[in-house]
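K.L.:
So you can see what is in the structure, the chains are spelled out below.
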Amino acid sequence: MSIKDIISKALVSKNAAAGLIIIVLFALVALFAPILAPSSGRDPYQMPQGGYSIEPQAPSAQHYLGTTENQYDLYYGIVWGSRMAFKVGITVVFFALLIGIIIGGAAGFAGGWTDEILMRLTDIIFAVPSMVLAMVIAAMLGRDLDNMMIALTVVSWPSYARLVRGGVLSVKEREFVLAARALGASPLRIFLKHIMPNAIYPVVIMASLDIGYIVLTAASLSFLGLGSPVGTADWGQLVALSRNWILGGHGNPFAYWYTIAAPGGALLLFVLAWNLLGDAFRDILDTSSRKA
Amino acid sequence: MAELLRAENIAKSYVSGGAFGGGEKIAVLKNINFSFDEGESFALLGPSGCGKSTLARLMLALERPDSGKIFIEGQDIFSLKAKDLKALRRKVQPVFQDPYSSLNPRMTVSDILAEPFIVHGEKYRQSDLKKLLSQVGLGENSLRKYPSEFSGGQRQRIAIARALALKPKLIIADEPLSSLDVSVQAQILNLLADIKEEYGLSLVFISHDLALCKFLCSKAAVMHKGEIAELGKAEEILLEPKSEAAQTLLEAVLPLN
Amino acid sequence: MFRYILRRLLMLPLVMLGVTFFLFFLTQRLSPEMRASLYIQDPRQMDSLEEVIEKYGLNDPMPVQYFRWLKGAVKGDLGYSESANMPVTSAIKAYLPATIQLAAATIILVVLFGVWLGIISAKYKDGISDNVIRFFVLAGFSLPIFVLGLILLMIFYGKLGWFAPGEYSFTADMIIHGPNFKNYTGFSLIDSLLNLNFYVFFDVLKHLILPAVTLCIGSFALMVRVMRSSMLEELNKDYVRSARARGLSEFKVIYEHAGLNAMIPVVTLASIQFIRLLGGTVIVETVFDYPGIGRWGVECAQQLDIAGVMGFSLMVAVLFVLGNLAADILYTAIDPRIRLK
Chain A
1 MSIKDIISKA
11 LVSKNAAAGL
21 IIIVLFALVA
31 LFAPILAPSS
41 GRDPYQMPQG
51 GYSIEPQAPS
61 AQHYLGTTEN
71 QYDLYYGIVW
81 GSRMAFKVGI
91 TVVFFALLIG
101 IIIGGAAGFA
111 GGWTDEILMR
121 LTDIIFAVPS
131 MVLAMVIAAM
141 LGRDLDNMMI
151 ALTVVSWPSY
161 ARLVRGGVLS
171 VKEREFVLAA
181 RALGASPLRI
191 FLKHIMPNAI
201 YPVVIMASLD
211 IGYIVLTAAS
221 LSFLGLGSPV
231 GTADWGQLVA
241 LSRNWILGGH
251 GNPFAYWYTI
261 AAPGGALLLF
271 VLAWNLLGDA
281 FRDILDTSSR
291 KA
Chain B
1 MAELLRAENI
11 AKSYVSGGAF
21 GGGEKIAVLK
31 NINFSFDEGE
41 SFALLGPSGC
51 GKSTLARLML
61 ALERPDSGKI
71 FIEGQDIFSL
81 KAKDLKALRR
91 KVQPVFQDPY
101 SSLNPRMTVS
111 DILAEPFIVH
121 GEKYRQSDLK
131 KLLSQVGLGE
141 NSLRKYPSEF
151 SGGQRQRIAI
161 ARALALKPKL
171 IIADEPLSSL
181 DVSVQAQILN
191 LLADIKEEYG
201 LSLVFISHDL
211 ALCKFLCSKA
221 AVMHKGEIAE
231 LGKAEEILLE
241 PKSEAAQTLL
251 EAVLPLN
Chain C
1 MFRYILRRLL
11 MLPLVMLGVT
21 FFLFFLTQRL
31 SPEMRASLYI
41 QDPRQMDSLE
51 EVIEKYGLND
61 PMPVQYFRWL
71 KGAVKGDLGY
81 SESANMPVTS
91 AIKAYLPATI
101 QLAAATIILV
111 VLFGVWLGII
121 SAKYKDGISD
131 NVIRFFVLAG
141 FSLPIFVLGL
151 ILLMIFYGKL
161 GWFAPGEYSF
171 TADMIIHGPN
181 FKNYTGFSLI
191 DSLLNLNFYV
201 FFDVLKHLIL
211 PAVTLCIGSF
221 ALMVRVMRSS
231 MLEELNKDYV
241 RSARARGLSE
251 FKVIYEHAGL
261 NAMIPVVTLA
271 SIQFIRLLGG
281 TVIVETVFDY
291 PGIGRWGVEC
301 AQQLDIAGVM
311 GFSLMVAVLF
321 VLGNLAADIL
331 YTAIDPRIRL
341 K
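Going down the list, the sequences are from chains A, B and C.
My numbering puts the first residue of the first sequence at 1, with every later residue one more than the last.
My numbering puts the first residue of the second sequence at 1, with every later residue one more than the last.
My numbering puts the first residue of the third sequence at 1, with every later residue one more than the last.
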């Protein structure tokens with residue numbers, strides 16, 4: 001099945017189409033963040049603080065979505081948080097995929113001891129739940145955006161490596177590879193021209209659909225205070241800032257509802273969209289691999 | 001005529017089962033001996049699982065035997081240096097059984113046909129590729145297309161064109177018809193016969209269908225459970241099969257004819 | 001099969017060695033001074049920094065320090081957890097029961113709701129209920145667990161006051177640590193029953209419900225999906241048709257005949273999820289301030305409590321790997337169609 005077939009088939013499902021629309025909307029927000037929420041500081045990912053009061057302020061003409069603890073503007077945080085989500089998701093998927101392809105490809109193609117050693121390496125990463133491992137790595141490296149992305153990459157690459165390895169092993173035995181060998185093509189040429197292009201496409205699709213999951217894990221790390229630095233426009237961090245206010249005040253338990261509704265809603269919508277899309281693709285990739 | 005290929009005492013076995021040892025050794029080929037001359041074609045017949053395809057891979061030097069030798073134009077193909085082996089590969093080209101698996105789905109026909117030239121560092125022009133296509137009966141507008149846009153028979157033609165690119169002396173066709181429709185089978189069979197004539201090349205034609213081989217091959221071997229059960233002229237085997245294996249094979253096709 | 005299990009078991013120490021070596025390597029990124037300060041109880045003693053580095057060999061080459069840690073670990077000495085204020089092994093003993101209790105409560109909920117919704121979904125395949133259930137299951141799966149937890153706290157603690165964070169209330173705490181309460185198992189739920197103290201029992205239960213529901217919503221998507229497809233498969237089998245033909249009531253057909261057979265994959269999935277939960281309670285325990293192993297792990301990470309981080313990760317890894325192996329074995333034992341290589 002070609003990529004075009006897979007994509008057109010996946011988008012027939014209403015859920016997948018809805019997911020795609022939401023993702024496109026987020027992408028537009030991320031793209032036009034400088035227009036939607038102009039920044040004054042040097043680092044636009046750093047949320048501006050509109051005062052020194054701790055108490056959140058309700059939505060108003062000045063702050064469309066209100067402010068959260070320490071007077072961070074929620075609207076600004078959500079808009080730039082979208083850009084942050086894509087930045088983190090795409091960066092992590094890209095590097096994890098790159099490492100996964102290199103290691104999984106080498107393991108599958110070389111076989112023997114190379115394969116054994118590389119796969120035991122993935123076992124080591126798989127031995128600890130990814131959230132726990134990411135948390136420990138991020139903590140040890142220090143609270144910083146790059147370190148958080150490194151932690152997420154370290155826990156993500158092994159599953160891609162395994163998928164790529166499986167793909168390489170099955171493509172390796174196909175007759176066009178034998179034909180290329182019979183032509184006298186070099187192992188490098190066979191690997192790059194014949195095996196990899198056919199082994200990695202499903203993995204690339206699966207990995208890109210993981211963006212939602214990665215953003216969720218990143219938000220969890222930020223929520224625990226092990227992710228982005230203080231004041232970063234990051235949905236996870238905004239949720240963390242709402243923690244002290246969920247019990248409300250002034251006799252109203254829901255007085256500060258917007259502090260969690262805004263970032264929590266953005267995060268939910270983003271992750272849901274990717275899951276809707278991912279579900280449809282996974283169904284198709286599953287059945288097509290079963291038929292093969 | 002000079003001898004083109006000779007197989008001497010070929011034996012090959014695989015280990016089945018667990019990766020951690022304890023697997024059983026299964027003999028796939030035992031004591032295989034045959035030879036044929038330049039320009040002569042050889043049919044390798046037998047039911048599936050008799051070791052034909054393994055033998056094909058050995059003749060293509062894609063695998064090594066446990067023991068025994070194969071000579072092509074007098075050269076022992078398993079003791080060649082990398083450079084000489086690559087030179088030999090130009091002379092021996094395969095056509096595989098499944099045309100859906102033998103063409104890389106992510107390469108255009110143009111890329112597929114150009115690959116032999118690129119691998120061997122030879123210059124080629126678009127006209128060379130077009131000529132190859134016309135020889136197998138395909139138009140030049142096929143060049144930009146991907147394998148998925150063709151039928152099984154058309155793909156097999158492309159695979160044959162690829163095999164012809166380097167003007168080989170020997171084509172090893174491993175069940176080239178068995179995954180095609182019956183109507184298409186005749187076309188491809190005729191194509192192989194034409195090409196054999198035109199290029200003056202030899203053909204190893206591997207099949208489980210005794211009747212098909214007589215169009216192409218003068219010599220034939222019938223294989224049974226990894227051994228050669230009968231070796232001789234194709235016509236003779238077809239008319240008066242001596243071995244039980246050959247008789248069984250013949251019975252299997254007769255009702256169809 | 002036997003060889004496969006043996007191989008995995010033999011691999012276990014090797015994998016653990018790899019995991020701990022990797023983590024220990026990470027801890028070495030912190031300067032000896034930083035690592036030394038973890039051994040000092042009182043900041044006023046900071047002038048003895050050099051002594052501490054000397055005493056614990058914090059300047060030695062990394063492999064030497066690793067083997068020192070490993071030697072201790074083999075003997076059951078995992079160091080002293082600053083964040084818990086007790087030895088790491090005692091911390092594990094103190095916090096693990098609460099987490100197991102939470103994971104067990106969650107799995108019960110996951111199985112109950114997963115099976116129920118899975119059956120409905122299968123019964124009305126592609127109907128409205130099916131689509132609604134599938135959508136909400138996916139939404140629950142997408143809902144960040146910490147957002148869900150906070151919202152539930154907002155409603156059920158802030159507004160309604162039904163449930164509260166923590167493992168038990170202050171009063172229950174006094175009773176549990178009082179003279180008349182015997183600690184038989186370390187599981188507060190079981191101990192309270194053994195002590196026939198129902199006040200504590202219901203108090204603990206009340207505190208358990210909210211985090212368990214949160215975890216359940218976050219993880220029962222898979223259960224519904226598995227139950228649904230398993231149920232659909234059973235409903236297509238001959239015995240179901242003949243049961244219907246014999247005139248058995250639809251309720252009996254679905255719940256007694258097909259339902260029971262469709263439960264097989266559910267049992268295995270539940271065992272797998274239970275293991276996953278042991279490592280996955282990190283966030284929920286933090287949100288609900290629930291004193292389990294996960295919250296302790298987060299505190300260790302936040303406070304750079306190295307002995308704690310190492311001990312916590314090692315324990316989680318051992319549980320995780322053994323649990324996954326057990327689930328694999330269970331899977332093949334229950335479903336002979338799946339054969340392991």
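Calculated from the structure, these hints are not laboratory results.
For every residue, glycine included, the Cβ atom is placed at its ideal position computed from N, Cα and C.
The reader is advised that the hints may include incorrect statements.
[Said to hold, decoys possible] Derived Cβ-Cβ restraints for the label pairs, each shown as a range:
#: 1; chain 1: A; residue 1: 197; chain 2: B; residue 2: 227; range: 36 to 44 Å
#: 2; chain 1: C; residue 1: 324; chain 2: B; residue 2: 105; range: 30 to 38 Å
#: 3; chain 1: A; residue 1: 25; chain 2: B; residue 2: 125; range: 28 to 36 Å
#: 4; chain 1: C; residue 1: 330; chain 2: B; residue 2: 231; range: 24 to 32 Å
#: 5; chain 1: A; residue 1: 51; chain 2: C; residue 2: 48; range: 57 to 65 Å
#: 6; chain 1: C; residue 1: 77; chain 2: A; residue 2: 5; range: 55 to 63 Å
#: 7; chain 1: A; residue 1: 17; chain 2: B; residue 2: 126; range: 53 to 61 Å
K.L.:
Confirm or reject each hint.
P.N.:
Against the structure, the hints:
1. 197/A to 227/B: 36 to 44 Å: holds, 41 Å
2. 324/C to 105/B: 30 to 38 Å: holds, 36 Å
3. 25/A to 125/B: 28 to 36 Å: violated, 51 Å
4. 330/C to 231/B: 24 to 32 Å: Given about 56 Å between the Cβ atoms, the range is violated.
5. 51/A to 48/C: 57 to 65 Å: The hint (57 to 65 Å, Cβ to Cβ) is violated, given that residue 51/A and residue 48/C are roughly 44 Å apart.
6. 77/C to 5/A: 55 to 63 Å: Given about 59 Å between the Cβ atoms, the range holds.
7. 17/A to 126/B: 53 to 61 Å: Roughly 42 Å apart at Cβ, these two residues miss the hinted range, so it is violated.
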